[in-house]
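What follows is the residue order along each chain.
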Amino acid sequence: DVKVTQSSRYLVKRTGEKVFLECVQDMDHENMFWYRQDPGLGLRLIYFSYDVKMKEKGDIPEGYSVSREKKERFSLILESASTNQTSMYLCASSKGTATSTDTQYFGPGTRLTVL
Amino acid sequence: DAKTTQPPSMDCAEGRAANLPCNHSTISGNEYVYWYRQIHSQGPQYIIHGLKNNETNEMASLIITEDRKSSTLILPHATLRDTAVYYCIVRATGNQFYFGTGTSLTVIP
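One line per chain: the protein sequences are B and V, in this order. Per my numbering, the first sequence starts with residue 306, numbered consecutively. Per my numbering, the second sequence starts with residue 670, numbered consecutively.
Since the hints were derived computationally from the structure, they do not count as laboratory data. Using N, Cα and C, we set each Cβ at its ideal position, and we do this for glycine too. Treat the hints with caution; some may be incorrect.
For each label pair, taking beta carbons as the anchor points, the in silico distance ranges come out as [what the hints assert, rightly or not]:
#1 V:Met-728 / B:Thr-320: 37 to 43 Å
#2 B:Lys-323 / V:Asp-736: 47 to 53 Å
#3 B:Lys-362 / V:Asn-699: 22 to 28 Å
#4 V:Ala-682 / B:Tyr-315: 33 to 39 Å
#5 V:Lys-672 / B:Arg-314: 31 to 37 Å
#6 B:Ser-312 / V:Ile-743: 34 to 40 Å
#7 V:Asp-736 / B:Glu-335: 21 to 27 Å
Just so you have them, the derived chain V footprint on chain B, three or more residues with Cβ under 8 Å [claimed, not checked]:
#8 325-336
#9 370-379
Calculated pairs, DMTMM-like style, for lysine to aspartate or glutamate (alpha carbon to alpha carbon, straight line, at most 25 Å) [as the list claims (entries may be wrong)]:
#10 B:Lys-358 / B:Asp-331
#11 B:Lys-308 / V:Glu-727
#12 B:Lys-308 / V:Glu-724
#13 B:Lys-308 / B:Glu-322
#14 B:Lys-360 / B:Glu-322
#15 B:Lys-323 / B:Asp-343
#16 V:Lys-738 / V:Glu-724
#17 B:Lys-375 / B:Asp-343
#18 B:Lys-375 / B:Asp-331
#19 V:Lys-672 / B:Glu-361
#20 B:Lys-400 / B:Asp-331
#21 B:Lys-308 / B:Glu-335
#22 B:Lys-308 / B:Glu-367
#23 B:Lys-376 / B:Asp-333
#24 V:Lys-672 / B:Asp-364
#25 B:Lys-376 / B:Asp-356
#26 B:Lys-362 / V:Glu-700
#27 B:Lys-400 / B:Glu-322
#28 B:Lys-400 / V:Asp-736
#29 B:Lys-318 / B:Asp-356
#30 B:Lys-362 / B:Asp-333
#31 B:Lys-358 / B:Asp-343
#32 B:Lys-400 / V:Asp-680
#33 B:Lys-375 / B:Glu-327
#34 B:Lys-308 / V:Asp-736
#35 V:Lys-672 / B:Asp-343
#36 B:Lys-400 / V:Glu-727
#37 B:Lys-400 / B:Glu-384
#38 B:Lys-360 / B:Glu-327
#39 B:Lys-308 / B:Asp-356
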């Protein structure tokens, strides 16, 4: 089974703090993704990565950055947390081949509250 | 990617089959139908996907109409643990997953 883990289930931070969310996958997947999920807005893609040290902006990258130094690990960074970044953050990974099996597998999520 | 339409909520009696419909009338020939579900406060869980043939796995069956404009996810014997939001997503390989608002399924004892 694919296992995607996230460093925290719940996190509370203060406005202006630097926040790191970590994601690790154990299936040697090429692709990794960060989404945020908000009521009524569904899942929105923040950033994704197709390879180590590669990153691409998703639909809502403002206020976020990412780091992928190792294949299995993808970090989401909030340089200066703001209250509008209170959300559920979801990490996903996929095999990365151009076939029908390019299914994304999700981690359990991190519920971040910024006070 | 094609847009999907799902009913906002459904109920199903425990032990009965749950049939969740999805309309995707603008689907293109290279787009797959994926189903995920999300149990409260957890990450989405992959269920099944298909292109045009019906598919079955240990979790569910996917029935796609011949014209591919709609599909049905079938949970053959619903349990209380199947209570979740179910998302139908249509996408071409390599494109993003766009999760809509899905169908909130409640399994009733």
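How the hints compare with the structure:
no., hint, in the structure
1, V:Met-728 / B:Thr-320: 37 to 43 Å, "holds, 42 Å"
2, B:Lys-323 / V:Asp-736: 47 to 53 Å, "holds, 52 Å"
3, B:Lys-362 / V:Asn-699: 22 to 28 Å, "holds, 25 Å"
4, V:Ala-682 / B:Tyr-315: 33 to 39 Å, "holds, 34 Å"
5, V:Lys-672 / B:Arg-314: 31 to 37 Å, "holds, 32 Å"
6, B:Ser-312 / V:Ile-743: 34 to 40 Å, "holds, 37 Å"
7, V:Asp-736 / B:Glu-335: 21 to 27 Å, "violated, 34 Å"
8, 325-336, "violated (count 0)"
9, 370-379, "violated (count 0)"
10, B:Lys-358 / B:Asp-331, "holds, 18 Å"
11, B:Lys-308 / V:Glu-727, "holds, 18 Å"
12, B:Lys-308 / V:Glu-724, "holds, 24 Å"
13, B:Lys-308 / B:Glu-322, "violated, 29 Å"
14, B:Lys-360 / B:Glu-322, "holds, 23 Å"
15, B:Lys-323 / B:Asp-343, "holds, 21 Å"
16, V:Lys-738 / V:Glu-724, "holds, 16 Å"
17, B:Lys-375 / B:Asp-343, "violated, 29 Å"
18, B:Lys-375 / B:Asp-331, "holds, 12 Å"
19, V:Lys-672 / B:Glu-361, "holds, 24 Å"
20, B:Lys-400 / B:Asp-331, "holds, 11 Å"
21, B:Lys-308 / B:Glu-335, "holds, 14 Å"
22, B:Lys-308 / B:Glu-367, "violated, 28 Å"
23, B:Lys-376 / B:Asp-333, "holds, 7 Å"
24, V:Lys-672 / B:Asp-364, "holds, 17 Å"
25, B:Lys-376 / B:Asp-356, "holds, 7 Å"
26, B:Lys-362 / V:Glu-700, "holds, 23 Å"
27, B:Lys-400 / B:Glu-322, "violated, 34 Å"
28, B:Lys-400 / V:Asp-736, "violated, 29 Å"
29, B:Lys-318 / B:Asp-356, "violated, 30 Å"
30, B:Lys-362 / B:Asp-333, "holds, 22 Å"
31, B:Lys-358 / B:Asp-343, "violated, 28 Å"
32, B:Lys-400 / V:Asp-680, "violated, 35 Å"
33, B:Lys-375 / B:Glu-327, "holds, 12 Å"
34, B:Lys-308 / V:Asp-736, "violated, 36 Å"
35, V:Lys-672 / B:Asp-343, "holds, 20 Å"
36, B:Lys-400 / V:Glu-727, "holds, 21 Å"
37, B:Lys-400 / B:Glu-384, "violated, 29 Å"
38, B:Lys-360 / B:Glu-327, "holds, 15 Å"
39, B:Lys-308 / B:Asp-356, "holds, 18 Å"
This entry does not satisfy hints 7, 8, 9, 13, 17, 22, 27, 28, 29, 31, 32, 34, 37, going by the numbered hints stated previously.
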